[in-house]
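Since the structure of chain X is provided, determine the placement of chain W on it from the hints.
2 protein chains.
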Amino acid sequence: MSARNGGGADTVEMRAREARLASRTLASLSGEIRTAALERVAVELARQGDRISESNATDCTRAEKEGLAAPLRKRLRFDGGKQLQAIAGVRSVAALADPVGRVLERRELDEGLILTRRTTPIGVVAMIFESRPDALVQIASLALKSGNAVVLKGGSEARDSNRVLASVIHDAACAAGAPPGWLQLIETREDVGRLLALDTYIDLVIPRGSNEFVRYIMDNTRIPVMGHADGICHLFLDRGAEPEMAVALTVDSKTQYVAVCNALETLLVHADAAPGLLPVVGEALRKKGVLLRGCPRTREILPGIDPADESDWATEYLDLLLAVRVVDSLDEAIAHINRWGSGHTDGIVTGDARRAERFLREVDSASVMWNSSTRFADGFRYGLGAEVGISTSRLHARGPVGVEGLLSYKWILTGRGHVVADYAEGGKVFTHRDLPGGDNEIL
Amino acid sequence: MSARNGGGADTVEMRAREARLASRTLASLSGEIRTAALERVAVELARQGDRISESNATDCTRAEKEGLAAPLRKRLRFDGGKQLQAIAGVRSVAALADPVGRVLERRELDEGLILTRRTTPIGVVAMIFESRPDALVQIASLALKSGNAVVLKGGSEARDSNRVLASVIHDAACAAGAPPGWLQLIETREDVGRLLALDTYIDLVIPRGSNEFVRYIMDNTRIPVMGHADGICHLFLDRGAEPEMAVALTVDSKTQYVAVCNALETLLVHADAAPGLLPVVGEALRKKGVLLRGCPRTREILPGIDPADESDWATEYLDLLLAVRVVDSLDEAIAHINRWGSGHTDGIVTGDARRAERFLREVDSASVMWNSSTRFADGFRYGLGAEVGISTSRLHARGPVGVEGLLSYKWILTGRGHVVADYAEGGKVFTHRDLPGGDNEIL
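Protein chains in written order, with the numbering used here: chain X, 118 to 560; chain W, 118 to 560.
Check before you lean on any hint, since a few could be wrong.
If several chains are the same, the list does not tell them apart, and a pair holds so long as it fits within one copy or across any two.
List of simulated lysine to aspartate or glutamate pairs, DMTMM-like, C-alpha gap at most 20 Å [as the list claims (entries may be wrong)]:
id: 1; residue 1: Lys199; residue 2: Glu542
id: 2; residue 1: Lys404; residue 2: Glu542
id: 3; residue 1: Lys199; residue 2: Glu156
id: 4; residue 1: Lys404; residue 2: Asp539
id: 5; residue 1: Lys405; residue 2: Glu417
id: 6; residue 1: Lys545; residue 2: Asp495
id: 7; residue 1: Lys405; residue 2: Glu542
id: 8; residue 1: Lys405; residue 2: Asp539
id: 9; residue 1: Lys182; residue 2: Asp277
In case anyone wonders, no lab produced these hints; they're calculated from the structure.
Looking at chain X on its own, in the form it has when it is part of the complex (with noise of 0.2 Å):
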């Protein structure tokens, strides 16, 4: 038995029914089981590495016959080095304590009427990614730690590398007593298109790419999507913020990594600060070579830099570029970030508590920070032990997400024949007694 791939509109409706039918028993594994299965998963990954360079091989030297950008190919490659990170990824997901089954509540409802509220996986989890074979192995560990069944659609420069790692890993799984069928692959937009369809039996999608390619996974798709579009974070600089941690927060908020949705997009300045901070802030990000957008008033205080407009306060750049705005107070600071933001990350750099704790209240984003840099907001940083994705949505989990995003919860109920007529007609009344939790036993 393999993981499937392979297209086509009955393919794929197959082998989502497949993944359903596989989840459930997924479901019900013991997390021994699901942690063996892990640990195989990590040992076929490591004995079948010649398989896996060559496959990688394949596609990297397709890569550079299509002329593939050499940012993209490097990604690609899939290499000794990277399958040793790989393995050492799936074994420390392995080690993480078992999420399924974890107590949430326990509740005497009335004597020997006993009401728990334990974890479970959300299902059939679709993840949609990008070129890099590790993140395959990534969100498989994942899924497979969290009892979830998984469609997975990777890149398709990665088709071969993908083909193989999926494979291995299903097969790996499946030795050790996970339920054929587990994880299945697809591989062309269409199928995507497809999938997206298929509303009773994926439970959930998260796509992670192009702003673009998200948006056009959330207005096609009755599916929940868990994810965000834009990334457009904001630092405020607050009057009497000092300078030199206005400038190391622009900084790195901007310029660590540009390419990411935590970056940086729009700098405000409380007006009091700009003709102090700006010139400065402005030479620290031009040397790292960022170019500056400015509406009308930071043009006054930096007169050689291009002017913004609208247009620049709800544009993702994703670049080494950077919108500036004076504002001429925290509630026009708030105010811009909650009509141009994407309540993805947001700071304020400020000496003053109480402002910064109107800011972290009102401004309305999964995460707000107080004189940190935006680009801490990521869940290996924020100690989550893997992450999902990052969800800008209010529902499920918002902001960076790690394994419990995968995660729903029952309601399970014990008695000795207890009936609602007792304790709607008969007198009889709850007790409501809150109990400590105990552990993942069902019973």
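Same frame as chain X, now just chain W:
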């Protein structure tokens, strides 16, 4: 200033936008102000009782003229006694602990770099409910408590009552500091249709009503929907189930209140137990006026009943009707429920703890019961303090949903100028040390 009502596309959009604006202010009010606003609401509902009674009399008179059925007219009535109950309900919501700003986790990422995850309101919640005016009072109270703006659509029979109640509640809360526009009322199905397109202003829709209506909502909006269409609940009488308990739980699950989503719709009986159990269970149900529809093997034991086919397995009767099927094994019972059920509430009656555990683990439903009635699946009985609805989704909230279902969270990071470059390139290492929770103050 009063709660607005009235219709048309422009008006609905204007009101949704007003609710969004108000939601930002509401979300940053202190718990004290939200509680004081609820107390003011209780006072004003009492003070304006005559005005409320008059509007309700108008609705009741119109309902009688239009020949509305007696049970619906009874639900529409909002007399002195019901008003007192509703006011007591507002006061009990006011007395709940503040759900907003609660610390869900807190972690030191490094010295002086502290991450806190706190509950926040979701934002703007649209609730669509049926005829009872008391529902409006309860829903508005829960929204105010949790800091959410609301757009409400009540039953058209209760039009006059709803207008007065919305106006009294809105104005009373505003007098205590809530932002004008936090509560909006819309009145027609056409306006609901318009509302469903406004996903930039509305974060969550909670529909309560007929299966068809909920399904229509789910099929016609990109806004997340919390709720359930069907409640096809099962009870499985296992081999060796104690007859007295089997009878009591079947009768309570089916007949304690037939018109609700957690009432029993299909009874599954283990083949070994069927000859002994079905005659006594059938007789007890017959005495309660329940008509049975059975599979061929059920009809061998109870020859007088109507036949059931697959369409019965997929039907929520909400009536004195029960489908009955004999199954050969626990596996077959679980498979039937996962195939035909709606993931709402399903139970097993058995004396065998290991078989109970398999059922509780493998049945993929929001609530799973062992030796207790399906009718317990309810927010009040579960001890949630208040019920927003029951969800069969696996994302966000599942099963009976209390005020927590109206909450999201945000991540708050406070530092002293920390930058990511120091960790990525500079050799600094995260400590990732979990910290105790702390209080509801942001800083």
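Let me make sure I understand: some of the numbered hints might not hold for this structure. Which ones are they, in numerical order? When the structure is compared with the hints, only number 5 turns out to be violated.
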